[in-house]
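Q: Since chain A is already given, all that's left is putting chain B on it; use the hints.
2 protein chains.
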Amino acid sequence: MDKMNHSSAEAEAETIEPLRYLSKGEVAAIETELLRDYRFGQQQLIEIWGQACAIAITKAYPLSSLAKKQPTVLVICGPDQNGSIGLVCARHLRMFEYEPTIYHPKRSSQSLHQDFTVQCEKMDIPFLSYLPTEVQLINDAYNLVIDAMLGPEADCANIKEPYSGILVTLKQIKTPIVSVDVPSGWDVEETSQDGINPEVLISLTAPKKCAASFSGKHFLAGRFLPYDIQKKYELNLPEYPGTDCLIEL
Amino acid sequence: MDKMNHSSAEAEAETIEPLRYLSKGEVAAIETELLRDYRFGQQQLIEIWGQACAIAITKAYPLSSLAKKQPTVLVICGPDQNGSIGLVCARHLRMFEYEPTIYHPKRSSQSLHQDFTVQCEKMDIPFLSYLPTEVQLINDAYNLVIDAMLGPEADCANIKEPYSGILVTLKQIKTPIVSVDVPSGWDVEETSQDGINPEVLISLTAPKKCAASFSGKHFLAGRFLPYDIQKKYELNLPEYPGTDCLIEL
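Residue numbers (the UniProt record's numbering), protein chains in the order written: chain A, 1 to 249; chain B, 1 to 249.
Source of the hints: derived by calculation from the structure; they are not laboratory data.
Treat the hints with caution; some may be incorrect.
Same chains, same label: a pair holds when it works inside one copy or across any pair of copies.
Mimicking PhoX-like on lysine-lysine, the simulated pairs with C-alpha atoms at most 25 angstroms apart in a straight line are [what the hints assert, rightly or not]:
hint : residue 1 : residue 2
1    : Lys-106   : Lys-122
2    : Lys-122   : Lys-231
3    : Lys-209   : Lys-122
So here's chain A without its partners, still in its complex pose (with noise of 0.2 angstroms):
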């Protein structure tokens, strides 16, 4: 029997394909696929991306592990889809039992985003006016920074204010960074960047091509990504692990 099992997954392992690593292109091909062809909802994928957000963070660093008394963790969230996924991640760490702080420095205008954001503030979750530039100030209040700012969809050769003094702000702490899929800053097809360096990073749905290199904590989360469309972008995604919803790849 075991014998069998062993000669079944080296026969499995030959058939693998590698991963692949998305493009600009084709991440905005998936997504638009989803809403439009598989009727997804925007507040649907939100939720969802943002929670897995929350487990993976809670899988890199549990409770337990953390430096300081209080389990404060700093959300950085921007003004789109990205900052969306922030707000849901920040609302699931709480009710994990951690306590988050949310910086958002532009609010948008979209009725969604702004929901997320109520969500939030009635979950008592106290959001900065200001990010200190003062780099200690966040070294010593924060156990780690989510960055959930900028998504696959921004243009990195031209990021404006407050986005770019923010960045400049977190190419300096020494608390840890967890980004969100895409480090901000990053272009997404790139391998190589010289911008912020986090820790973790999640990507959502498939790994982007800047990923490739990523020598940090790497988490995959998209399981509900229907089958044939992993089939038709050649995606070869990992096997999910029991009702895991995201994987350490």
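A: For chain B alone, coordinates are given in the frame of chain A:
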């Protein structure tokens, strides 16, 4: 150290209030508050609940425990919110390697409900066009039946076709039934019921009065519930373990 933990656990146990079982009015009030004041979206809540139901099913009936060769599950979906939750549950069960089949006798005209339906259709989950009245056919074909028909808002004194007929069938089958939130046909507030007899009940948010004397396996799924609502309605929810979205009561 061990002694200290013991005494603090005892002190805590003294102050633990019993779990609240909700009336129909309280169920509606909590949902209104979630949607209106906390700005949760229906799509978001249904996704959270449906995913939790699928995970509960994997806990109660792991793939390895199923009696039949194929991991078949029949998911019966009603026309309203309970049915939408069933559709999401079926989709997640598919991702967990079960083989769900959906029976959805009355399609809703609500666009959200239709979106959840399309998501299942595009995942190649088969839809039955009618439910066999021959009970043996159901017993032979399915390991489980998921009852996602009538939610707490349904008027159990006035159940119409096709649901009344389906309930007659469900009372006769030997296949174990898993009910979502409230077993279809049960009065939300009555503890003694002569309707269907589910083996598993998955209460959403908080259990309803009818669940107080339920003797089967009982799960509670609703970890997202803001602490202020938990306090306001004195729900006295148990502590969810780790990052689990549900707990067995």
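Q: Each hint: holds or not?
A: Here's how the hints hold up against the structure:
| no. | hint | verdict |
| --- | --- | --- |
| 1 | Lys-106 / Lys-122 | within (19 angstroms within a copy, 37 angstroms between copies) |
| 2 | Lys-122 / Lys-231 | between (41 angstroms within a copy, 13 angstroms between copies) |
| 3 | Lys-209 / Lys-122 | neither (37 angstroms within a copy, 28 angstroms between copies) |
The structure fails hint 3 only (numbered hints given earlier).
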